[in-house]
Amino acid sequence: MGERFDNFFDVVKKRFNGYNDEDDHDSVKCPRCQSLVLRERFEELHRVCPNCNYHGRISAQERLEITVDKDSFSELDSEMISCDPIDFPEYPEKQQELRDKTGLKDAVVTGTARIKGIETVIGIMDSRYMMGSMGSVVGEKIARAFEYASDHSLPVILFTCSGGARMQEGIVSLMQMAKTSGAVKLHSDKGGLYITVLTDPTTGGVTASFASLGDIIIAEPKVLIGFAGRRVIESTMRQRLPEDFQLAEFMQDKGFVDMIVDRKKMRNTLAHLLELHGHAPKEV
Amino acid sequence: MDEKKTAWERLALVHTKGRPTVKDLIPLIFTDFFEMHGDRYYGDDHAIMGGIAMLDGRPVTVIGQVKGRDINENKACNFAMPLPEGYRKALRLAKQAEKFHRPVICFIDTPGAYAGMAAEERGQGEAIAKNIAEFMTLRTPVISIVLGEGGSGGALALGVCDELAMLENAQYSVVSPRGFASILWKDASREEEACNIMRITAEDMVRLGVAETIIEEPLGGAHNDLDKISENIKEYLSHIIPEKCEKDIDVLLKERYTKFRKIGEFTE
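These protein sequences, in sequence, are chains A and B. In terms of this note's numbering, the first sequence has 110 at position 110, counting the first letter as 1, and numbering is strictly consecutive. In terms of this note's numbering, the second sequence has 1077 at position 77, counting the first letter as 1, and numbering is strictly consecutive.
In isolation and in its complexed conformation, chain A is listed as follows:
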């Protein structure tokens, strides 16, 4: 009997674990409304919860596919990989493992692409790579993306998602906040447009640098946006925080998000905003 119950509990436990890419079972649990959704349906909706409209995490690859014109993406700095600036134990091995597993080189993919024919620089962070944390490569690629955009009079669109600075690169990762914010500022001072799209989750050193500096800040519904982590705040305050604390809607209410846009409307919205800033479709 014991065995049978163990087995049963295993199945139940599996079903109720938060979803992620490694899950092999056929349904996923929404981290916001806790409802179970058939995996197939969830994927079909590009990882949006059909029940509460929470916009889940998607890969940089999938984001590109649903955002930019087919075959228009041309990657910048595709071979850049991080060194080990503070000789952190097992950091190089951990990175190699992730590169093999995800096919990514680091936590951001940058390049040029067209959205409804409009040329733009685009950067997409991917949470599968060390929780989208920012180290040397993320800092450098984002800074270069802005410099490239300035040199070619292009707008920049960044999809952010990050747990913050990459601990394994120590102070060097903190300095990437200065590098990226500086690059945003120079692009901005030259009149360049920068649209930020905050996706789940955007926190820590990324919130406290380039993610908060967009001319226009868009967020996807119900994504987590904040500087300090919820648990850190709860432990300093010794009290429970409201349910919606640090969600996109809360942050919009507090004045830090211009608009909340559904994934299925993102491409059109971005194209419209680019056009409103004088960026026209290119004749192909």
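One or more of the hints may lead you astray.
[To be verified] Going by beta-carbon spacing under 8 Å, a handful of chain B positions derived as facing chain A:
1) G1038
2) G1123
3) Q1124
4) G1153
5) Y1172
6) V1175
7) T1267
8) E1268
Just so you know, these hints were derived from the structure itself, not from any lab. Quick caveat: nothing in here was measured; it's all calculated off a predicted structure. Think of the CB as a built atom: it goes at the ideal place given N, C-alpha and C, for glycine as much as any other residue.
With chain A fixed as given, assemble chain B onto it according to the hints.
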């Protein structure tokens, strides 16, 4: 200088009671300090103080994170953990300095920006990001000095500068050693181990291109001789401020951007 101390031993020095705070140092380094209050949006944060003072007959803007010297002072200044209005006050004073062509001197001494509900609601992330971006192009010289703890983005918000100096035992880190241990190893008790592998000492900062100068502390640490440490800081400022003020501002800004632009290690 005592090169043999570990990062952990230095952290203990930084936390020693009597370690000079910005409030101890300002009257000994500058004359005629006029403190200014408030961010003009919401309130006046006591974890960051700022104002105008004289240095060698030259008006300067001084901004610093405030540690308390006892529990009551620490309560008042929130243990040097600024709220967004503190960063916004700092930026307001920096912009004022730019307008009146005064160099800016920032004293960094914080375990980090305050992590709390009010801070999030008022945009801690936005406040720090804005400071970093605006200081990068502030058209007046900026010198920052880490007095004790330089913790995370909360320190960097006063750390975008033309030159960064570290007091000999001061530390600068992406997160506190305790936070580091709890994030990476889920075990805050491994604080000492974290401290010693994180590369957070003044020498590490110079090696990694984050800091340019180390200001020597009196034997045994800054708390042993307040006059001496003030004198050393003043000597540094008296030499670096005129040097940066003489530079063409566009050259200075280019160098400031390059200083941060080149930090990072990667291959391609």
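Residue hint B/Q1124, partner chain A, criterion CB-CB below 8 Å: holds, 4 Å
Mind checking the CB of B/G1123 against every CB in chain A and telling me if the closest is under 8 Å?
Hint holds; B/G1123 Cβ to chain A Cβ min 5 Å, cut 8 Å.
Restraint check, 8 Å cut-off on beta carbons, for B/T1267 near chain A: Status holds, d = 6 Å.
Item to check | Hint check: 8 Å Cβ-Cβ cutoff, B/G1038 to chain A | outcome: violated, 19 Å
Residue hint B/V1175, partner chain A, criterion CB-CB below 8 Å: holds, 7 Å
Q. Would the stated hint for B/G1153 survive a check requiring a Cβ distance to chain A of less than 8 Å?
A. holds, 4 Å
Given B/E1268 as an interface hint, is the shortest Cβ-Cβ distance to chain A below 8 Å? holds, 4 Å
* Asked: Does the CB of B/Y1172 sit less than 8 Å away from some CB of chain A?
  -> Status holds, d = 6 Å.
Going down the numbered hints, you'll see the structure goes against just number 1.
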